[in-house]
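Asker: So the chains spell out like this:
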Amino acid sequence: MKLSSKQITLLILTVLIALSPFFFPSGYYYRIGALIFVNGIAVTGIVILTGYAGQISLGHAGFAGIGGYACALAPVHWGIHPGLAIFLGAAISALLAYLVGRPILRLKGYYLGVASLGMGILISMVLTNERWLTKGPDGIEVPELGLRALLKDMGLNLTNGEFWYAFSGICLIIAAWLALNLYTSPTGRALRALHGSEIAARTVGIDVARAKLQAFVISAVFASVSGSLLALQNKFVSPDIAGYMHSIEMVTMAVLGGAGSVLGAIFGAGILTLLPQALTVFAEYEQLMLGLVMILVMIFMPQGLLPSILRKFRGGKRE
Amino acid sequence: MSELMQFLLSGVTVGAVYALVALGFTIIYNASDVVNFAQGEFVMLGGMITFFAHQAGLPLPLAALIAIAVTSLVGIALNKLAIEPARGAPVVSLIIITIGASILIRGVTQLVFDKQIHSYPAFSGDDPIHVLGATILPQSLWVIAGALLVFIALWIFFSKTLMGKAILATSNNRIAAQLVGINTNLVMTFSFALSAAIGALAGVLVTPITLVSYDVGIALALKGFAAAMLGGMGNPKGALFGGLILGLLEALTAGYLSSQYKDATAFIVILAVLFFMPQGLFGKKSTERV
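Protein chains in written order, with my numbering: chain P, 1 to 319; chain Z, 320 to 609.
A hint or two may mislead.
In silico DSBU-like links for lysine-lysine, alpha-carbon gap of 30 angstroms or less [to be verified]:
(1) K135(P) with K581(Z)
(2) K399(Z) with K312(P)
(3) K581(Z) with K556(Z)
(4) K484(Z) with K108(P)
(5) K581(Z) with K479(Z)
(6) K108(P) with K556(Z)
(7) K479(Z) with K135(P)
(8) K108(P) with K235(P)
(9) K479(Z) with K108(P)
These aren't lab readings, by the way, just hints derived from the structure by calculation.
Please read these numbers as outputs of a predicted model, since none were measured by experiment.
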């Protein structure tokens with residue numbers, strides 16, 4: 001039996017997530033792993049938008065902010081369970097992405113980037129200034145998800161780190177599965193067609209604006225869920241989650257690893273999540289490194305790290 | 320009345336800075352179709368280098384000249400090392416490259432200089448001038464005069480000089496420009512140097528009023544960009560008016576609505592322009608060749 005590349009990707013991802021804990025020297029690594037997976041979910045959304053459809057968003061952290069704050073506010077104000085608040089945040093993000101994207105995605109080039117950037121900054125401004133609701137720049141507590149306690153009652157006793165590692169790992173596998181299925185679906189084919197040439201895509205009857213809008217909305221939902229999981233895991237959320245730098249990080253993770261491939265982008269999320277941990281001694285160099293990485297990868301490996309490395313292994317054969 | 324006058328005066332001062340940043344965007348966009356997200360870093364470098372050169376004992380005018388010259392070199396380096404090697408790359412890659420450059424410049428500045436907030440003395444004292452019941456700082460007049468001078472100089476440059484015409488030709492059609500013997504690489508390098516110099520000049524002029532630190536560039540770039548879009552991307556006249564209008568809107572928002580949300584004005588302007596008139600106030604409707 002020959003596996004399709006989709007099955008191979010999911011298999012590699014599952015094996016990596018399942019086996020990595022055997023090599024963890026301490027419980028701290030569960031936390032790092034969970035962070036990588038949560039970033040990986042957002043970055044998988046960027047793959048759909050940037051890798052498939054060739055559009056760029058500089059405000060995706062805004063959706064992560066909506067997801068994060070939904071989990072903080074909905075349980076307190078409307079008595080909604082934090083688990084359901086994830087879906088509420090995703091719905092609000094999708095609606096906002098639709099409203100912002102609909103008029104703008106008819107335009108080309110820089111426009112989505114700039115509009116999403118403006119939107120993201122407005123969201124983080126609201127989160128910072130509306131103290132009566134969000135408690136302002138200092139951030140706000142997020143209630144427990146409660147799933148770990150439920151598992152404990154069922155006899156499965158996990159530490160907090162272990163639980164979040166497993167839970168966000170499973171969510172990442174689902175996200176990757178969705179993105180990979182989308183790739184081969186009619187919508188995914190339409191997206192890839194317009195990435196190649198919008199005009200050519202239009203001539204074969206693809207509704208270009210609609211396809212771009214779908215990609216933007218779907219990727220907004222991924223970012224929102226990622227924000228929710230981050231907030232629930234930290235039991236805390238602050239406006240930083242919606243900040244400009246967080247948006248840039250998401251895009252950089254995706255293009256660093258390879259925005260055209262789900263596995264590559266998650267690989268990028270892993271590197272950029274680990275790097276600051278490894279570089280704590282060189283905290284001052286972090287911005288410098290991030291900027292340098294962005295420029296060098298774009299010039300020398302426009303396909304991203306992982307696809308470039310794989311190509312080397314295959315003896316320089318072009319895909 | 321005097322209150323409104325005060326808001327208008329401060330609006331024009333900030334607006335002049337946004338106009339200078341927007342002019343910088345416009346020049347690079349015209350020559351290379353690149354939206355340079357590092358434009359705000361040029362302004363920051365103008366202020367930072369002037370401060371440290373002045374602190375090292377140089378007289379202020381000399382420090383300012385050094386700042387403008389060094390920043391122009393940074394602009395040239397940006398083009399030669401990051402934009403030229405990526406020739407033909409998709410828009411997404413160019414956006415990421417210039418954002419990467421802005422983060423890199425910020426990181427280097429923070430290492431070479433520091434993370435503190437700095438200022439130096441105003442050029443002609445701090446005694447406010449009274450205008451119709453409101454006051455304006457002499458430094459504000461320097462900023463406004465600087466923006467007008469740059470605009471006039473650019474206008475002469477683009478309409479009278481060979482280099483200016485070469486930039487316009489390149490922006491119209493790169494291949495055709497090459498065919499008539501224009502060195503388009505030189506045009507691009509020159510336009511990056513010119514944009515950087517204009518940005519640095521804005522930083523030199525405005526630092527005594529608004530202060531400078533390594534991280535002021537992002538906000539300036541975004542507002543300059545909003546101004547450029549409002550006026551019509553790639554149009555120098557649009558950049559000037561877009562900057563002034565944005566500055567005034569911001570000052571009026573701060574004065575009459577909410578000072579917390581004054582920074583939101585630029586982004587609401589961006590979204591509104593994109594929704595209702597994507598070509599901007601002075602932009603021409605363009606069709607794309609296939």
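Asker: Confirm or reject each hint.
Answerer: Verification of the hints:
1. About 20 angstroms separates the Cα atoms of K135(P) and K581(Z), which keeps this hinted pair within 30 angstroms; it holds.
2. Simply put, K399(Z) and K312(P) have alpha-carbon atoms about 28 angstroms apart, close enough for the 30 angstroms limit, and the pair holds.
3. Distance restraint check for K581(Z) and K556(Z): the Cα-Cα separation of roughly 25 angstroms lies within the 30 angstroms cut-off, and the hinted pair is therefore satisfied.
4. About 28 angstroms separates the Cα atoms of K484(Z) and K108(P), which keeps this hinted pair within 30 angstroms; it holds.
5. At most 30 angstroms may separate the alpha-carbon atoms for a hinted pair to count; K581(Z) and K479(Z) exceed this at roughly 40 angstroms.
6. Straight-line distance between C-alpha atoms of K108(P) and K556(Z) comes to about 23 angstroms, which keeps the hinted pair within the 30 angstroms bound.
7. About 57 angstroms separates the Cα atoms of K479(Z) and K135(P), which puts this hinted pair outside 30 angstroms; it is violated.
8. Distance check on the hinted pair: K108(P) and K235(P) sit about 40 angstroms apart at the alpha-carbon level, beyond 30 angstroms; violated.
9. Note on K479(Z) and K108(P): the hinted pairing is violated, with a Cα-Cα distance of about 33 angstroms set against a maximum of 30 angstroms.
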